[in-house]
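Asker: Here are the chains, one letter per residue:
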Amino acid sequence: MNRSRTAEERRARREQSRQLEGRIATVLRTGVISAAVLLTISMPWMVFQDRSHQARHLSVGEALRRLPELDPRALAAVGVLIIVATPILQLMTSAFLFWRKKDRLYVGLTLMVFVIIAIGALLTGGGH
Amino acid sequence: MVNFSPGFELTILIGAVGAGLLGALLGLGGGTFIIPMLTALGVDIRHAIAVSIVAVIATSCGAASSYVRDGLANIRIGIFLCVATTTGALFGAGLNGVLPTRALFLIFAAVLGWSGVIMFRKRGRNVARLEPAEDAPAGRLRLAGRFYDPALGRERRYVPRRPGVGFGLMVGAGTVSGLLGIGSGGLKVPAMDLAMDLPIKVSTATSNFMIGITGLASALVYLERGQVLVSLVGPIALGVLAGAAIGTRLLPKLAAATIRAWFVGVLGLIVVQMLYQGLTQ
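Protein sequences appear in the order of chains U and Z. Sequential numbering of the first sequence, starting at 1, is according to my numbering. Sequential numbering of the second sequence, starting at 1, is according to my numbering.
I should point out that these hints are in silico values taken from the structure, not numbers from a laboratory. Glycine included, C-beta positions come from ideal geometry on N, C-alpha and C. Don't take every hint at face value.
According to the in silico footprint, chain Z covers these stretches of chain U (three or more CB under 8 Å from chain Z) [stated by the list, open to error]:
#1 25-36
#2 43-49
#3 60-69
#4 82-93
#5 96-109
Whenever a hint applies, use it, and build me the whole structure from the sequences.
Answerer: Next comes the structure, spelled out in structure tokens:
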């Protein structure tokens, strides 16, 4: 009796964790595919468009400002931003799903990772 | 400065496909290959490092999207160990300039070389011996997992051993990457493999889940400083995404011993790089 209940619990828990994995995989996949599409469109366009010296050394931030002009570099820059935003979404989704599963320990650990990264980015970024 | 031409872009695109493939397969991120490739082509090291961190995040997300879905990457282990690596990275960044970098490169070259030897000797070990009993306790952290291994044709269960030691080693791995600016994948996989006794496929897949998160803080800083050049990062990111897509299809099919041997080979390459930097800096 006791044994069958634990087996059932285990199955339910496994099912829940599959759902968690599915959601996180979807978030990652969406980020990766949209970035890949933007990069695939902008790459050939960028290569054969005006290759002035200045345009070659544009940073992501500078390229983004060209978005209204529909510059291919701006599209590529959006793709890069999506890539960098994906792990942030990955963490946020994990925290949310652990919270939904009432897994307090892992909500705490996920939020801790978040805070440490934010401190890291602020400390190293602020030093320059 | 570099002569950007369609040929140059095609070269780095193809190189990035290889880096993404190996990165996704071995849990390394691929910075080990991208930075030397770009500097060899004449790109400034500051730009090469900044582009490489974005590439590492791209590889990680691309690979993790498949590994998480297939149950190869263990999310709990990933999050648990990310606490350690990010803390370590913060600690390492704080120690920058305090410790002698040259000596550190040499010490860690030795540590990695030693891990490589042990990992290589483990390759022939009987996997069945490592399998836990059905009701083996998973512990309070609930880190145990299972995945279907097509190479074995059956499901494999595992319970990580010594999570505390793994956590400690990950703090070390994070510190080293914060301090030396090297990708920590080369340290993460041996820590999971040697301390926690995870199956090699779970180690490399979980490392992929982690490196994107670990690299995030530096990526944000490089973006903010304007060090990420679009003309470089575009082809590189596209290339590693393609490479990662190939790598993730390959990993489940390969035998564990093969992945182990490849990993040790690349680890040897990293050791040589570290020795070089330690001796010439």
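Asker: Evaluate each hint against the coordinates.
Answerer: Structure-based check of all given hints:
1. 25-36: Satisfied; 7 residues make the cut.
2. 43-49: holds (count 4)
3. 60-69: Coverage by chain Z holds for the region 60-69 of chain U (4 residues, Cβ < 8 Å).
4. 82-93: Holds: 7 residues of the region 82-93 of chain U have a Cβ under 8 Å from chain Z.
5. 96-109: Result for this restraint: holds, n = 3.
Comparing the model with each earlier hint shows no violations; every hint is respected.
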